[in-house]
Structures are given as C-alpha cells and as structure tokens.
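S.K.: Going down the list, the protein sequences come from chains L and X.
The opening position of the first sequence corresponds to residue 1 in our numbering, with each subsequent residue numbered one higher.
The opening position of the second sequence corresponds to residue 1 in our numbering, with each subsequent residue numbered one higher.
Check the hints yourself; a few may be wrong.
Claimed, not checked - 35 Å max Cα-Cα, derived DSBU-like pairs, lysine-lysine:
| # | chain 1 | residue 1 | chain 2 | residue 2 |
| --- | --- | --- | --- | --- |
| 1 | X | 118 | L | 141 |
| 2 | X | 325 | L | 104 |
| 3 | L | 45 | X | 280 |
| 4 | L | 45 | X | 379 |
| 5 | L | 66 | X | 345 |
| 6 | L | 48 | X | 77 |
| 7 | L | 141 | X | 280 |
| 8 | X | 325 | X | 280 |
| 9 | X | 236 | L | 74 |
| 10 | L | 104 | X | 345 |
| 11 | L | 48 | X | 192 |
| 12 | X | 105 | L | 74 |
| 13 | L | 66 | X | 236 |
| 14 | L | 48 | X | 236 |
| 15 | X | 77 | L | 45 |
| 16 | X | 105 | L | 45 |
| 17 | L | 45 | X | 153 |
| 18 | X | 280 | L | 66 |
| 19 | L | 48 | X | 345 |
| 20 | L | 48 | X | 280 |
| 21 | X | 192 | L | 104 |
| 22 | X | 345 | L | 141 |
| 23 | L | 74 | X | 263 |
Hint data in this document are derived by calculation from the structure and do not stem from the laboratory.
Okay, here's what each chain looks like letter by letter:
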Amino acid sequence: MNAIELDYAIRHFFHVYAENLDEERFDAWTGLFDPDQCTYEILSKENKDLGLPLPIMGCFTFGMIKDRVAMLAKGVLTYRRSRLLRQVSNVQASFTEDGHVLAKANLVVYQSSEEGVSSLYMVARYEATLVLVDKRTLVRKMAVIVESFGIDTMLAVPL
Amino acid sequence: MSKVPTQSQINLDWPRQDFSRVPYEVFTDPHVYALENERIFQADVWNYLAHEVELASAGDFVTTWIGSAHVVVTRDKDQSISAFENSCAHRGAQLVTQVRGNMLKVACPYHLWTYSLKGDLMGVPMAQGINGKGGMPSSFDKAQHGLRKLQVKVHAGLIFGSFSSNPPDLHEFLGPHSLSQIDRLLVQRQPKVLGYLRQRIPGNWKLYNENVRDPYHGSLLHQFQVSFGLQQPTMKGGIKLDADLKNTWNHSILSESDKEQQKWVEKAFEGTGKYNPNMKMADPALTQVPLDLGDGYKTTILSIFPTLVIAQVDNTYAIRHLRPKGPDLVELHITYLGFEGDTPKQTYEKLLTANFIGPSGYISLEDGEALRLVQEGIKSRAPGTHEVLEMGGVGAIEDTDYLSQEISIRGFWSHYHKIMGF
Numbered sequence: 001m002n003a004i005e006l007d008y009a010i011r012h013f014f015h016v017y018a019e020n021l022d023e024e025r026f027d028a029w030t031g032l033f034d035p036d037q038c039t040y041e042i043l044s045k046e047n048k049d050l051g052l053p054l055p056i057m058g059c060f061t062f063g064m065i066k067d068r069v070a071m072l073a074k075g076v077l078t079y080r081r082s083r084l085l086r087q088v089s090n091v092q093a094s095f096t097e098d099g100h101v102l103a104k105a106n107l108v109v110y111q112s113s114e115e116g117v118s119s120l121y122m123v124a125r126y127e128a129t130l131v132l133v134d135k136r137t138l139v140r141k142m143a144v145i146v147e148s149f150g151i152d153t154m155l156a157v158p159l
Numbered sequence: 001m002s003k004v005p006t007q008s009q010i011n012l013d014w015p016r017q018d019f020s021r022v023p024y025e026v027f028t029d030p031h032v033y034a035l036e037n038e039r040i041f042q043a044d045v046w047n048y049l050a051h052e053v054e055l056a057s058a059g060d061f062v063t064t065w066i067g068s069a070h071v072v073v074t075r076d077k078d079q080s081i082s083a084f085e086n087s088c089a090h091r092g093a094q095l096v097t098q099v100r101g102n103m104l105k106v107a108c109p110y111h112l113w114t115y116s117l118k119g120d121l122m123g124v125p126m127a128q129g130i131n132g133k134g135g136m137p138s139s140f141d142k143a144q145h146g147l148r149k150l151q152v153k154v155h156a157g158l159i160f161g162s163f164s165s166n167p168p169d170l171h172e173f174l175g176p177h178s179l180s181q182i183d184r185l186l187v188q189r190q191p192k193v194l195g196y197l198r199q200r201i202p203g204n205w206k207l208y209n210e211n212v213r214d215p216y217h218g219s220l221l222h223q224f225q226v227s228f229g230l231q232q233p234t235m236k237g238g239i240k241l242d243a244d245l246k247n248t249w250n251h252s253i254l255s256e257s258d259k260e261q262q263k264w265v266e267k268a269f270e271g272t273g274k275y276n277p278n279m280k281m282a283d284p285a286l287t288q289v290p291l292d293l294g295d296g297y298k299t300t301i302l303s304i305f306p307t308l309v310i311a312q313v314d315n316t317y318a319i320r321h322l323r324p325k326g327p328d329l330v331e332l333h334i335t336y337l338g339f340e341g342d343t344p345k346q347t348y349e350k351l352l353t354a355n356f357i358g359p360s361g362y363i364s365l366e367d368g369e370a371l372r373l374v375q376e377g378i379k380s381r382a383p384g385t386h387e388v389l390e391m392g393g394v395g396a397i398e399d400t401d402y403l404s405q406e407i408s409i410r411g412f413w414s415h416y417h418k419i420m421g422f
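Please construct the entire structure, taking both the sequences and the accompanying hints into account.
M.R.: What follows is the structure, encoded as structure tokens:
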C-alpha cells in the first residue's frame, strides 16, 4: 500500500467511524475495534499536558468499550439527546516498522437541539493505532485528546 | 455609585419557615447572583482554593475561582501559602493566565508592575522617571498598592481562603463531624492527584448543592447503580448536618440484606423502562473493585458550604469544587485522588472506577443532564413559584438515618436565607 492508498484508507476509516457514532450505530462502531486487543480513552488535554493518567472516559478492554454503548442503547443512562455531527479533518497516517498504522486527525463536533439550535460541542484530536486485517481497518488503540475539556453538560456518547 | 443590587430589585417569597418551599428566582435572577458575591463569596465564609499537593514546591501556583473572583494561590520560598485577587493594582489587568505553573514573582504583562508571591508590590518600572522627567509622584507608596489579599488557612491539606477581614474559626466553620470525615478521607492516607475533570453544567450552582444533599435521587436517577448493585433504595444510610445546617454528610452502606429486597426495587421501577436487573456487563471489573477503607461505607458525600464537596463514591475519592459562571452555568471542577502507597493495581483500579464519576461518569453524567433539565424547566415559570421539598418530612431540620429525604436540602436553604438576608 503506497502513501496515497494509505491516506485514502484512513480518511475513509475515520469517516465511517464518525458516521457510525453520529447515527448511534453502536454495534457498527464497536465492530471497528480489534476484539482481541483494544483500548479506547477520552483524555483531557489538561491531564495529558500534566502527565496525569486520569481519562474522562477510560475503556481498557473490549468489554468496557461494548459496555459504554450498551448502557446508552439499553436506556440505562439518562443523557442529553442532542443530535451530534462529527467533522473529521487533517487526517494524517503513517506505517510503523511493525506494520501498524499511526493515525491522527482533528475532530469538531456540533450539537443540535430538538428545536434545531446548533452550537459547538467539542474540539478534539484523535491519536490512533490501527491495524489492517483482511482488508479491514481495526482499532488497537484510540485516544481522543479533548481540547474543550470543560465538558458542556456531559459526555455520554463516545467521540 | 454602587453596582450591587438593592433589596428592592430582588423580590423573593419564602412562604414556609421550614424551607420546604424555595422560590425559583434564586436560581435565575441575575440580581440574586450578583448579591451572592457580596453576601456569600466575599463575606464571612471559607472558600476552598486548592489542595497542598498541587503546590508542592516553592513558586508553584494555581488559579481558581471564588464566585466571580479569579484568585491566584501561591507557595512562597518560606513554604507559606498566599492567595490574592488576579487583577493588577495599577489598572486591573489579569496577572496570571495559566491554570498552574511556577513563578518567582508576579509580573503584570502590561506595565511590568511586579509583586511578590504574597501579593506585595515590589517594583514599578520608571517610578523615578527618566532623565529627570516623568515617574510616580513622591506621595506614591508601594505599600498601599499591593494586590487584594485573602486570608488563608490550611486544614488536612485543604487550602481555604476568605475575603473577609474577620472570618469565622475554620474548624468551627467545618464542624466536628466534617473534621472527622476529612480525617477519614484525606489525613489517614496522603492524597496525590491522578487528574482533573471539568463538567460545565448549564444550571445554577445551588442546584448542584441541592443535588449532593439529595440522597433521594441516588437510586432513582442513577439506574446504573441500581442495575449493577452499587446502590439500592433500601440500603442503610442517612445524613448528618453541622450546627448551621449548611454542611451535610450523607452516607450509604450496602449490605447483603439489600439483595433480599430486590423484589421491592423491581416493583418500584416497574414500567419505567430503566431498571435492567438481568443486564450483565461485558466487563464488570469496575463494579468489583474492593473498597480501600474497609469500613463499610459505599458512598460518603461531605458537602461544605458554599462550594466544596469531598466525595467517596464506591472506591473513588475526589474533591469537587463549584465555580459559578453566571446564574445559569456552573463549572463542576473535580480533583481526582489516589494515595501515596497505592500499588499499581490499586491505581489502575481507581482509573477503572473513575468511570463512575465526572462528565462521562456512569453515575455523574446524569446529574449534569438532570440539572440542565431543571434550569430549562424553571426558565419558563411564572414569577413567584416554588420548588417543593417535603420528602422525608416537613418541619424540623435534623439528622436522619434514612436516605429518602430532602431535609438536608432544606438545611442548606435555611442557612442561605440567613446569610443572604432575604
């Protein structure tokens, strides 16, 4: 795979990833993770810059990732039901020596209320380790570094 | 000309002496919010500023908020801790823009007026003029132009500040039971910071004070707790109040007998669609973390007027601080703690259980939404309407040994009403 093919594949990956979450297709979203080995963390830039380990949302196993969205899908959690629209940009990807893909991208999330009032919800950056398995791109490690770590109301749906 | 609202601009109706009716204007009226700065935050209270572990070395500083006031907290070379208003004595510029860092002195970027870490004015560039022209008048006395300082007291590593020139005794302000709980959580083991969380809740800061004094909602709103056995409405617990009724300690103890009352829980939540007794987690590890202290308390929430909460929720330990940003917005700032001597496993487990709290917390994210809904709901209310606080009984405001109550909320309002003077 050359650099242009890699660029296309990873941009496509992020677009599918974002749309799965926008549409709350939670099974499809968890299906993007390598079930044998994956983590998902949302980290504040504040803690990252200070070298502190506390995530905002820390899923250290595939089971924890599945549980996060199961709680939403099964109605266990009372959360703000805004429509969220994720915009991914500035995607950059490169191969590591062992054939994994390091990817980073910018993320902006807009929220719209039930009465059609939109505003900015989140500014963040993705830092991911991906693997290519049978022509599929799977997540080994996804870190979402949140710059708007003064979270508006709450953060229930993953980013 | 005073900018503080006058009494005539505020029209609150408190129809019940037991504070079982609270006027909604306390949550929405900008005049009330402005007066709170004068009569609470800048008055005879002790405001939480920071924890000493955040100022480990000489020159370390943090910035924080007391009501609308931005405050700098420093540790000087002599190890003393000072706090002062973050506004230059010259022409008001904000002095420190970072949240935390280290500095030898405080220098205003505008005209380089320089202050000590205690807030004393040390240097005024060109005070003597240049080539015999300009400069400050001979009457200018640096000692009269220091930064506005707070009184500072430290207890158990907690740094408190007061704008009052005559604040109450800190130990009396906290109360004996608060002191014992602070000892239990922050003295018996030495805390360290694992990280910070911030949740900007679009609701009045006093709604959050109600929320932490409201164990009634714990097993109704927070269905995760009930579904996975962390909290049951039948569990033992209750509240203790300080002498002023302003500080509340609410606690719950989970025991084996609570499981036997599951049928009661099922019936209570029948039809709501939120109770999932048969739901299993794919990875339940975070619900299986043993409690560090082994004293049987599953949740202990110590709320100290006006903006401090020291909370143990399951095996999470945190200092919560409320930073009002207007009548309808409050930043809930959380300092999440581990302890010196925690093994790597114990630290990992605290990162697991952190998934219960904060803006993404399985428990706490819901408080953000609930308070947003309250603020939205009361915005459209006609003036002169009230919330109803009768759960647990009306009349006396005193300690209880049960959780289904709103008595501690009435205690908060009784103190608020007294010190606000209306």
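S.K.: Give a verdict on every hint.
M.R.: Against the structure, the hints come out as follows:
no.	hint	in the structure
1	X:118 with L:141	violated (46 Å)
2	X:325 with L:104	holds (34 Å)
3	L:45 with X:280	holds (33 Å)
4	L:45 with X:379	holds (34 Å)
5	L:66 with X:345	holds (23 Å)
6	L:48 with X:77	holds (28 Å)
7	L:141 with X:280	holds (25 Å)
8	X:325 with X:280	violated (40 Å)
9	X:236 with L:74	holds (29 Å)
10	L:104 with X:345	holds (30 Å)
11	L:48 with X:192	holds (16 Å)
12	X:105 with L:74	violated (55 Å)
13	L:66 with X:236	holds (33 Å)
14	L:48 with X:236	violated (40 Å)
15	X:77 with L:45	holds (30 Å)
16	X:105 with L:45	holds (27 Å)
17	L:45 with X:153	holds (31 Å)
18	X:280 with L:66	holds (11 Å)
19	L:48 with X:345	holds (21 Å)
20	L:48 with X:280	holds (33 Å)
21	X:192 with L:104	holds (32 Å)
22	X:345 with L:141	holds (21 Å)
23	L:74 with X:263	holds (21 Å)
Violated hints, listed in ascending order, are 1, 8, 12 and 14; each of the other numbered hints is respected by the structure.
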